[in-house]
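We have chain A already, so just place chain B on it with the hints.
Number of protein chains: 2
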Amino acid sequence: MVPTVEWKDGAVRLLDQSRLPEKVEFLDCRDYQTVARAIRELRVRGAPAIGVTAAMGVALGAQSLTATSYDEFARGVTAICEHLAATRPTAVNLFWAIERMKRTLAGLRAQPVVEIKRRLLDESQRILDEDIAMNRALGRHGAALVRDGQTILTHCNAGALATAGYGTALGVVRAAWEQGKRIRVLADETRPVLQGARLTVWELMQDQIPVTLITDSMAGALMKSGLIHLCLVGADRIAANGDVANKIGTYSVAVLAKAHGLPFYVAAPHSTIDLATASGNQIPIEQRKPQEVTSLCGGPPIAPLGADVLNPAFDVTPAEFVTAIITERGVFKPHEIADQFGS
Amino acid sequence: MVPTVEWKDGAVRLLDQSRLPEKVEFLDCRDYQTVARAIRELRVRGAPAIGVTAAMGVALGAQSLTATSYDEFARGVTAICEHLAATRPTAVNLFWAIERMKRTLAGLRAQPVVEIKRRLLDESQRILDEDIAMNRALGRHGAALVRDGQTILTHCNAGALATAGYGTALGVVRAAWEQGKRIRVLADETRPVLQGARLTVWELMQDQIPVTLITDSMAGALMKSGLIHLCLVGADRIAANGDVANKIGTYSVAVLAKAHGLPFYVAAPHSTIDLATASGNQIPIEQRKPQEVTSLCGGPPIAPLGADVLNPAFDVTPAEFVTAIITERGVFKPHEIADQFGS
Chain A
275 MVPTVEWKDG AVRLLDQSRL PEKVEFLDCR DYQTVARAIR ELRVRGAPAI
325 GVTAAMGVAL GAQSLTATSY DEFARGVTAI CEHLAATRPT AVNLFWAIER
375 MKRTLAGLRA QPVVEIKRRL LDESQRILDE DIAMNRALGR HGAALVRDGQ
425 TILTHCNAGA LATAGYGTAL GVVRAAWEQG KRIRVLADET RPVLQGARLT
475 VWELMQDQIP VTLITDSMAG ALMKSGLIHL CLVGADRIAA NGDVANKIGT
525 YSVAVLAKAH GLPFYVAAPH STIDLATASG NQIPIEQRKP QEVTSLCGGP
575 PIAPLGADVL NPAFDVTPAE FVTAIITERG VFKPHEIADQ FGS
Chain B
275 MVPTVEWKDG AVRLLDQSRL PEKVEFLDCR DYQTVARAIR ELRVRGAPAI
325 GVTAAMGVAL GAQSLTATSY DEFARGVTAI CEHLAATRPT AVNLFWAIER
375 MKRTLAGLRA QPVVEIKRRL LDESQRILDE DIAMNRALGR HGAALVRDGQ
425 TILTHCNAGA LATAGYGTAL GVVRAAWEQG KRIRVLADET RPVLQGARLT
475 VWELMQDQIP VTLITDSMAG ALMKSGLIHL CLVGADRIAA NGDVANKIGT
525 YSVAVLAKAH GLPFYVAAPH STIDLATASG NQIPIEQRKP QEVTSLCGGP
575 PIAPLGADVL NPAFDVTPAE FVTAIITERG VFKPHEIADQ FGS
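Here the protein sequences line up with chains A and B, keeping their order.
Numbered according to my numbering, the first sequence spans residues 275 to 617.
Numbered according to my numbering, the second sequence spans residues 275 to 617.
Next up, chain A with everything else stripped away, as it sits in the complex:
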């Protein structure tokens, strides 16, 4: 797999996911405003990848500050953090990563600015490296839940492309595959932005893991026909009570899974767990522009001009629909999350 995000020649290099699968193109962000725009425009997406990218955006912006005193420098970094935090509201990894960069900054008050700049760069690279390591760990834990010969339904893209690498839900798939289990993935196309069709299918085909594309509307009928053995998704935010915000349509998959007696697993690192949010109904849900629904990837309009549209980008799956949450520390029931990840 090509890297989703990396430091390259003094820039934050992003794989431009809005061009996949047609084109594999990279976007070199040379200032933090370009990083913010890339997040807003979904050129990079997926909660963990957004977190890593934002951390790099903070570090990148910090390099360009001309302040020589800590206080002036810190004010500049804080403004950069606010700019990056305003890009998207739902995925908590964004705020988690920015907070971590702010904490790093606060711990370096005694250092010269040139040293702080270096350490912020290091910290963003550490966040990236840790993300991949967490995904590999949660992949191993989750793989134990997948049996040889099973077919896994996934929604959206919680893969290498949604993270710094390896993936969360698809990290579990990769780990099971690496263990020699003959598994198959059914990928919901995931309207409106089609992360399933464009990204999940693409990255699994790159790794030659068997994958079949379906429309979101087919999941129920395929569960009824016995073709699906378990559901496995990522998360944009997990509340303290175990409620899970994830891509719109995840809740429908969870209800359908329960109705068919199928396990519904959520795979996410601790950076996705937000104990400051008590329950799912407090998670802000991003409403995106109607054009994502009324036309597709630059194609012709698919709805009448002026059609009224709803476009919530996420939904909340209550904990009661979640069989277990797969993390880098192990597999937990949703109600165990607060204890496991409490300070």
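Just so you know, these hints were derived from the structure itself, not from any lab.
Heads up, a few of these hints could be off.
It does not matter which identical chain is used: a pair holds within one copy or between any two.
As the list claims (entries may be wrong) - List time: in silico SDA-like cross-link candidates among lysine to any residue, alpha-carbon distance up to 25 Å:
#1 K563 - T425
#2 K376 - I406
#3 K498 - P537
#4 K498 - A550
#5 K297 - E356
#6 K532 - P592
#7 K391 - G573
Below, chain B without anything else, positioned relative to chain A:
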């Protein structure tokens, strides 16, 4: 509303639904092969509309036969019927309408061929007129189930465009609207062919009935948020036990409705009821080409080249998920259908 299908200057004139909503264009079919191709290519679709169109295709083909004896003429008509019956497997109205044309033919053995040709034309027009009348009747029955201020979720297009006019599910909507009820429709876009986005939204906007477009994946979350009061869909075939075949994704809507305690109504005329099919699992489900999933309305590809795809065009909703079936004879529980419509 422009007519979905009509006799016009010796041709079967179809509103080309594959061009909507961008273009309102008509296709004049001057031979039965063109009618068959139009059905196969979804230029006309919707179970009742397919039935009416096929009947007209039989009548059209019959006009061009040069046979002078009844037996030779009847062989010719039978071949035309077989050609038209082979277009699509799931909607039973197709077979129902063709059978009715065959019965008409059989009853005219004593007549001269020129008279039979005229009577077959008349019969196809009668099927069209009856379809509209049935829709108006079922609309009135169904409207009693819709209360002022309610929001109705519909899937696919069971409207004027799916019938000779007025619609089945949307016939109920129209009747409730004509009674002055302030209702609102949420239209599932209905991937892969987008009949909801392209057709349902278009025809309701034409009639200025409030309609909001959503992706199929949003229905569950909107039910949970209390925004939907009832679900209302059409049908392609209703088995004797009350199981309902309809557009792929209908079953998911039904499961979600049950999980949220919402009524799930199916609106269909008796031509959709197939007592010869005991239960839904005997209904053949059409598998359509992958390109309907991997690209959209002539737009760029939305999935990697060579992606494996499933594309069942229909699913079966078991009777236990169906609150009631709305017909031109009244509203019935699914298990009452066999008695009500038995010979």
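Hints versus structure:
For a Cα distance limit of 25 Å, the shortest separation of K563 from T425 across copies, 22 Å, qualifies, whereas the shortest one inside one copy, 34 Å, does not. Only within a single protomer do K376 and I406 lie at most 25 Å apart by alpha-carbon distance; the minimum there is 22 Å, versus 67 Å between protomers. Within a single copy, K498 and P537 get their C-alpha atoms as close as 14 Å, and across copies as close as 21 Å, so both meet the 25 Å cut-off. Taking the shortest alpha-carbon separations for K498 and A550, only the inter-copy value of 24 Å comes in at or below 25 Å, while the best intra-copy value is 38 Å.
Taking identical chains as interchangeable, the C-alpha atoms of K297 and E356 are never at most 25 Å apart, the minima being 32 Å within one chain and 46 Å between chains. For the homomeric pair K532 and P592, the shortest alpha-carbon distances inside one copy (12 Å) and between copies (17 Å) are both at most 25 Å. In this assembly of identical chains, K391 and G573 lie within 25 Å of each other by CA distance neither inside one copy nor across copies; the values are 44 Å within and 46 Å between.
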